[in-house]
Amino acid sequence: MVVLETAMNKTLLLLPLSLLLVTGVTAQAKKAAPVPNLSKAQARAVMHNKRVLVVLSAEGEDFARTLKSNRSVSRKLLYEFETVAFTGPKAMKKWGWQKDGSGAIVLDASGKERARFAASDLSADAALAALEPHFCKPVDADKKLAAAMVEAKKTGRNIFIRFDAPW
Amino acid sequence: MLEEFLGQPAVAPIYNKGWVDVMVDVDRDTNGKAMNARLKGKRGGGLPWSVILDADGKEIVSSNAEPKGGNIGGPVTVEECAWFVEMLMRSSGDRITEGELKVVAAALEEYAKPRRRPRRPPPPKKAKKSGSGSR
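Those sequence lines, one after another, are chains Z and R. Mapping to my numbering: the first sequence position 134 is 134, numbers consecutive. Mapping to my numbering: the second sequence position 69 is 1069, numbers consecutive.
Keep in mind that the hints were calculated from the coordinates and are not lab data. Virtual Cβ for every residue (Gly too), placed ideally from N, Cα, C. It cannot be assumed that every hint is accurate.
Unchecked claim - Stretches of chain Z that chain R covers, calculated by requiring three or more beta carbons in the stretch to come under 8 angstroms of a beta carbon on chain R:
no. : region
1   : 47-61
2   : 83-94
3   : 145-152
4   : 156-164
Stated by the list, open to error - Which chain Z residues stay away from chain R? Per the calculated CB distances, all over 12 angstroms, these:
no. : residue
5   : L38
6   : A43
7   : K99
8   : D121
9   : D125
Said to hold, decoys possible - Below, computed lysine-lysine pairings styled on DSS-like, alpha-carbon distance capped at 30 angstroms:
no. : chain 1 : residue 1 : chain 2 : residue 2
10  : R       : K1040     : Z       : K76
11  : R       : K1033     : Z       : K143
12  : R       : K1125     : R       : K1113
13  : R       : K1058     : Z       : K143
14  : Z       : K153      : R       : K1058
15  : R       : K1017     : Z       : K40
16  : R       : K1068     : R       : K1058
17  : Z       : K137      : R       : K1125
18  : Z       : K40       : R       : K1125
19  : Z       : K153      : R       : K1042
20  : R       : K1017     : Z       : K154
21  : Z       : K143      : R       : K1017
22  : Z       : K137      : R       : K1058
23  : R       : K1033     : Z       : K68
24  : R       : K1102     : Z       : K154
25  : Z       : K153      : R       : K1040
26  : Z       : K40       : R       : K1033
27  : R       : K1042     : Z       : K143
28  : Z       : K154      : R       : K1040
29  : R       : K1102     : Z       : K40
30  : Z       : K154      : R       : K1033
31  : R       : K1102     : Z       : K153
32  : R       : K1040     : Z       : K137
33  : Z       : K112      : Z       : K68
34  : R       : K1017     : Z       : K153
35  : R       : K1033     : Z       : K76
36  : R       : K1040     : Z       : K143
37  : Z       : K153      : R       : K1033
38  : Z       : K154      : R       : K1058
Make a model of the complete structure from these sequences and hints.
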């Protein structure tokens, strides 16, 4: 268990910036057209211990906006998910969306699908109940630091700790 | 902002060579808020806040810029960027060369510059009213 946790912490420590590097999260990327960037969302999900929420909007709808305006879940969306939004039949086909209308797919940070929901499953108070089982388990900051100290001693590096919040 | 900068292709290899990166979410990570309070102590400034520790957990430098002590947060202004580079310089040990630090400094300048708000020109000095001097 301890070994598993240490391995997990190492992964959490080492993966994120490498992933950001591999996926090319650069200032240039930010300047580019606002194409939904799944790789970037996944890299951020690894870094921040979150899931990815792929929001699929039917033509003429903005389901991502609808979800964000749902007060029972909007804060949790920000805290627990990296959201990427796609619109239109082409995107829906690409995601194998066979339900009528808009919806959302929950992925883990590696891109593995965990669940998919029709818009009706995510309406009002139902949204939180549906999404909550898919939240990541919290990570212990003290364990992160302990793992970083082990890593720092092993590699002769110092530790750069960045404190931030989802908002 | 800082995360995106540190992930840049020119910066990430240098950063990862010199430092072990730890991101703590004070709202979501268990004990995150307590660790922030513990390491920050009575120093001012909100989030983001950063600190560099040695492998034994002893602080080397923080994002509270000397000598005034204000938190640089995600560095954008010239002064904030200068302190960020100073943080790296003070904690780079012998793993990072001066040339590599210059690469990071140049990349930070390039990254931060478009994000800077233009400085307001100082208010014009009030012209002395004529006749207000000594007679």
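Status of the hints after comparison with the structure:
no., hint, in the structure
1, 47-61, "holds (count 3)"
2, 83-94, "violated (count 0)"
3, 145-152, "holds (count 5)"
4, 156-164, "holds (count 9)"
5, L38, "holds (16 angstroms)"
6, A43, "violated (8 angstroms)"
7, K99, "holds (31 angstroms)"
8, D121, "holds (24 angstroms)"
9, D125, "holds (22 angstroms)"
10, K1040/R to K76/Z, "holds (27 angstroms)"
11, K1033/R to K143/Z, "holds (14 angstroms)"
12, K1125/R to K1113/R, "holds (29 angstroms)"
13, K1058/R to K143/Z, "holds (17 angstroms)"
14, K153/Z to K1058/R, "holds (13 angstroms)"
15, K1017/R to K40/Z, "holds (22 angstroms)"
16, K1068/R to K1058/R, "holds (22 angstroms)"
17, K137/Z to K1125/R, "violated (59 angstroms)"
18, K40/Z to K1125/R, "violated (50 angstroms)"
19, K153/Z to K1042/R, "holds (28 angstroms)"
20, K1017/R to K154/Z, "holds (13 angstroms)"
21, K143/Z to K1017/R, "holds (22 angstroms)"
22, K137/Z to K1058/R, "holds (29 angstroms)"
23, K1033/R to K68/Z, "holds (26 angstroms)"
24, K1102/R to K154/Z, "holds (26 angstroms)"
25, K153/Z to K1040/R, "holds (23 angstroms)"
26, K40/Z to K1033/R, "holds (27 angstroms)"
27, K1042/R to K143/Z, "holds (24 angstroms)"
28, K154/Z to K1040/R, "holds (26 angstroms)"
29, K1102/R to K40/Z, "holds (27 angstroms)"
30, K154/Z to K1033/R, "holds (27 angstroms)"
31, K1102/R to K153/Z, "holds (26 angstroms)"
32, K1040/R to K137/Z, "holds (26 angstroms)"
33, K112/Z to K68/Z, "holds (23 angstroms)"
34, K1017/R to K153/Z, "holds (13 angstroms)"
35, K1033/R to K76/Z, "holds (18 angstroms)"
36, K1040/R to K143/Z, "holds (18 angstroms)"
37, K153/Z to K1033/R, "holds (25 angstroms)"
38, K154/Z to K1058/R, "holds (16 angstroms)"
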